[in-house]
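Position chain U with the ligand against the provided structure of chain L, taking the given hints into account.
The listed protein sequences derive, respectively, from chains L and U.
Position 778, counted from 1, in the first sequence is what our numbering calls 788; the numbers after and before it change by one each time, with no gaps.
Position 19, counted from 1, in the second sequence is what our numbering calls 279; the numbers after and before it change by one each time, with no gaps.
By construction, these hints were calculated from the structure, which means they are not laboratory data.
Any given hint could be a false lead.
[Unchecked claim] Under the rule of at most 35 Å between Cα atoms (straight-line distance), these lysine-lysine pairs were calculated in the DSBU-like manner: (1) L:K284 with U:K299; (2) L:K321 with L:K284; (3) L:K75 with U:K299; (4) L:K548 with L:K75; (5) L:K548 with L:K21; (6) L:K580 with L:K13.
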Amino acid sequence: MPKDGIGASVKRKEDYRFITGQGAYTDDIDRPGQSYAVFVRSPHAHARIASVNTAAATAMPGVVKILTGADYAADGLGGLPCGWQVTGKDGPMVEPAHPPLVADCVRHVGDQVAVVIANSAAEARDAAEAVVVDYQPLPATASIETAMAAGAPQVHDEAPGNLCYDWEIGDKADVDAVFAGAHHVTRIELVNNRLVPNAIEPRAAIAEYDRATREYTLYTTSQNPHVIRLLMGAFVLQLPEHRLRVVAPDVGGGFGSKIFHYAEEAVLTWAAAKVARPIKWTAERSESFVTDAHGRDHVTIAELALDVDGKFLGLKVDTKANMGAYLSTFAPCVPTYLYATLLAGQYTTPKIWCGVQAVFTHTVPVDAYRGAGRPEATFVIERIVETAAREMGLDPAELRRRNFVPSDAFPYQTPVALVYDSGDYEGTLAAALAAADYDGFAARQAEAEARGKLRGIGLSAYIEACGIAPSAVAGSLGARAGLYECGEVRVHPTGSVTFFTGAHSHGQGHETTFAQIIAERLGVDIDAVEVVHGDTAKIPFGMGTYGSRSLAVGGSALSRALDKIETKAKRIAAHLMEASETDIEFSDGQFTVAGTDKSVGFGDVALTAYVPHNYPIEELEPGLDETAFYDPANFTFPAGCHVCEVEVDPETGRVEIVNFAASDDFGNVINPMIVEGQVHGGIVQGVGQALLEGCVYGEDGQLATGSYMDYTMPRADDVPSFAVSTRTTPCPHNPLGVKGCGEAGAIAAPAAVMNAVHHALGSRGVSRIDMPATPVRVWRALNAA
Amino acid sequence: MHNFTYHAANSVADAAAKVADGEDAVLMAGGMTLLPTLKQRLAQPSDIIDLAGVAGLSGIRVEGGTVTVGAMTTHDTVANSSEVAAAIPALAAVAGHIGDPQVRNRGTIGGSIANNDPAADYPAALVGLGATVCTNRREIAAGDFFTSMFETALDEGEIVTSVRFPAPETAAYMKFPNPASRYAIVGVFVARTTGGSVRVAVTGAAGCVYRETAMETALEGDFSPAALDGMTASADDLNEDIHASAEYRAHLVGVMARRAVAACG
Ligand SMILES: Cc1cc2nc3c(=O)[nH]c(=O)nc-3n(C[C@H](O)[C@H](O)[C@H](O)COP(=O)(O)OP(=O)(O)OC[C@H]3O[C@@H](n4cnc5c(N)ncnc54)[C@H](O)[C@@H]3O)c2cc1C
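Okay, chain L solo, but in the shape it has when bound (with noise of 0.2 Å):
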């Protein structure tokens, strides 16, 4: 078995390169003759651009080209579409045109009207201001409230009271008769807070046009180059796929925020043959915040009906979902298909309902955010089920171990159309419980008591769905993409190895997860592998990384080409031992005739199959590559239980996180380092969500957490050392038995973070805190209460 295969904790490839500053980020590369871009933005949530006036603008040093919304129009090219249809209760969702470049109306802060290029960037942003837009200020709405009100401002003439759908699931007359009959029901209102991504490396890009080969290439910071090649291509620029290049270098982080196709990345790749030179963009910070898609923003009722034992007999839940100004490439399906149907979560619940209405506002669009859906359905899921069991005195693991799908229960049909795969829900729960010692909670909080401190403990028993898929099953949903992953394994003639794969690594450590599955299916050391990925003229046809389905789905795909490698191999290998292919044995990088002390190595194998000088050559072609596209069965559904022990201050209302232990179910585990990491970095983004992290807008829909001055980011110190641990029940329909890692601690920890903070508080009359429970809000509370 080599020492770096799967399951050991091999140190990350990818980390010599970053640590040592050596990354190759967008913004890191220069192309001869490369210009510079600045967008001129809305300063405004909502105005009619009277007039666009660039003259003093174009007659400043330095500037090369200036072009406005009007220019755009004027070319007759598309607007960035959306990559999902939901077809609500009254037909498909309202999909109000989002022109890459402004013309007549201007619908959040940030939007974009013009860009300036110029030789440098210090010049752009100079003429940049002296772009003159006349703006006529109109009314604005930034929130669900207010865009839902009688008489609210419209956002898009076709979206009348700013409904973009309104979409439910399961049979509402069925669920409310089971209401009927409740021994008792919880009833919750919260929201679940709008933030912002915050990815490290702020969103580049670089266009360029060749004009002898009519070649475009367009570097961005992106999870997904090919999905980016085929909206922008296709449905934007309408420029063929085979003229379009789209490269994805090093990324840092994403979080989601780089799934989508942004305007910036089609206006460059316009003007880039209008200027005929390279021209660079890379968004400030503070562009970054009214730019990138924000995440979350739910307003949610739901009520749980539950029987005498405490037994779950309906939950009906009613969602309004903001989308911001315009549909970004997945935001319909967030709330609807990656949201609506969790709501079973780790339960039995035998009758569901869920309405949702999005809503149009003056605000940036919002989309996928780590998580994407499964953070708001848990977070609707746990508060009510811990809410239940405070009501009705009942000792919160308790109730949801009497409501838990058994583990004998699986494959398991939940009521609202998911089918979950395996999972253990009592183990992870039970290992949580006894990581966090939620037996000794009592005595540790009568002594946070004697200190003056409210302490509480909260759990959070979540379950997610990723590696989004079928291909068809999504299709039929309004995926107006499939959902595969592709996989290429090159074996070089001397048995190193080169893996291209559709999925992008910002951050996830692909280059060393693949490496080692590549290192023990061949045998050949994790040095002797590269992964490629990101470019799309190197890969094949992918889908890219998001939700958690790298592994799971690329993962998979590289195990169907490793399964076409061996076979090719091993008839190779036959062919050198004169042996039958059917005895050919093949482990430890060593091809054996069964029963025979007969052996050959890969790396001869891999050498026979380029110098095929001995070799069946009537029979097989030369060469060892192979290439495998994978389509899932299903989803994977990685759960597990997180709990959360807080201490509040009651004289400033400042919760501290004392206590966090999880214990989560991700199948099989290629490299449990990389894994814990995930589940660190997930958490750490949960308690932003659920402590620091607020966007705020004020009514006029200006930004007002536009910086870090205002806006929390989560810090080191703001948590305590995590106990994490993972039980494997191992997914059953994929090659790999792997199911998935990136998203669980963003989904589990803000439930977790605040019911240990609503249990705190209750000893106070507090009922209800909403998230980010920062200190003024927390001390209001007590105040109130």
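For chain U with the ligand alone, kept in the frame of chain L given last:
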């Protein structure tokens, strides 16, 4: 950032002359406030006069009961000075709670007080300790130095050279940080002199550092947290923002003052 002309000053007199020469010249210490302002294009100075190379502006001197901190001394130096820790531990603590390590390694006491951010920490220490600000022209009592939000008694082109702190009998600083910026939502510096007089200086809560005189009187009678029971600041004229209401700030002034007194031991 707009264009400007950079000048490295080699003495206080040189810096003063260069500031006077420039059409719209500004001094630069560590640049921790100045540079972000320039990058966001909120200021457009013609000239920048860098104080980094001016000899004698940084360093700490402790003589008798007085700690003198040069204007260009970084927060990190003050935070980690054993001399400051021995003479006025609360002053080292103030410096150690400013920003993050990067900011502490660049930011200076001169820059901090000249800027007079209403949420900055040093102003509370200066007023609480009854410090004296020394400039190239005169000496200014801390109580007179901080005049209003982002305003000081410094004249055009006047350069802070050092700050002189008398060592108190006991002192402590309690800061309730803004969760995002980590500047003070409320910071209270409490000091008692050997003569028994008490100062309670408050930063973050209002437009400018100020003294809670009622608390000072109460503590001069009984220097214990209990002496402040039930006392808060008046919420009138306190700051309001998305992180804290005026009422919350008023309440925190009382909490932080009690905790500071308790920390005085
Ligand atoms: C991320 C961040 C977090 C921070 N957190 C805190 C915090 O928690 N608490 C806190 O108190 N502060 C905080 N600060 C401010 C920091 O303490 C710096 O001291 C302050 O920004 C001043 O910086 P500086 O010394 O580099 O001065 P500069 O930025 O160089 O100058 C600031 C101003 O002072 C003037 N000036 C500088 N030196 C002199 C002088 N000798 N004489 C006259 N005028 C002068 C300059 O002309 C300029 O107007 C933070 C800053 C940052 C960037």
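Comparing the hints with the structure gives:
no.: 1; hint: L:K284 with U:K299; result: holds, 30 Å
no.: 2; hint: L:K321 with L:K284; result: violated, 66 Å
no.: 3; hint: L:K75 with U:K299; result: holds, 24 Å
no.: 4; hint: L:K548 with L:K75; result: holds, 33 Å
no.: 5; hint: L:K548 with L:K21; result: holds, 26 Å
no.: 6; hint: L:K580 with L:K13; result: holds, 23 Å
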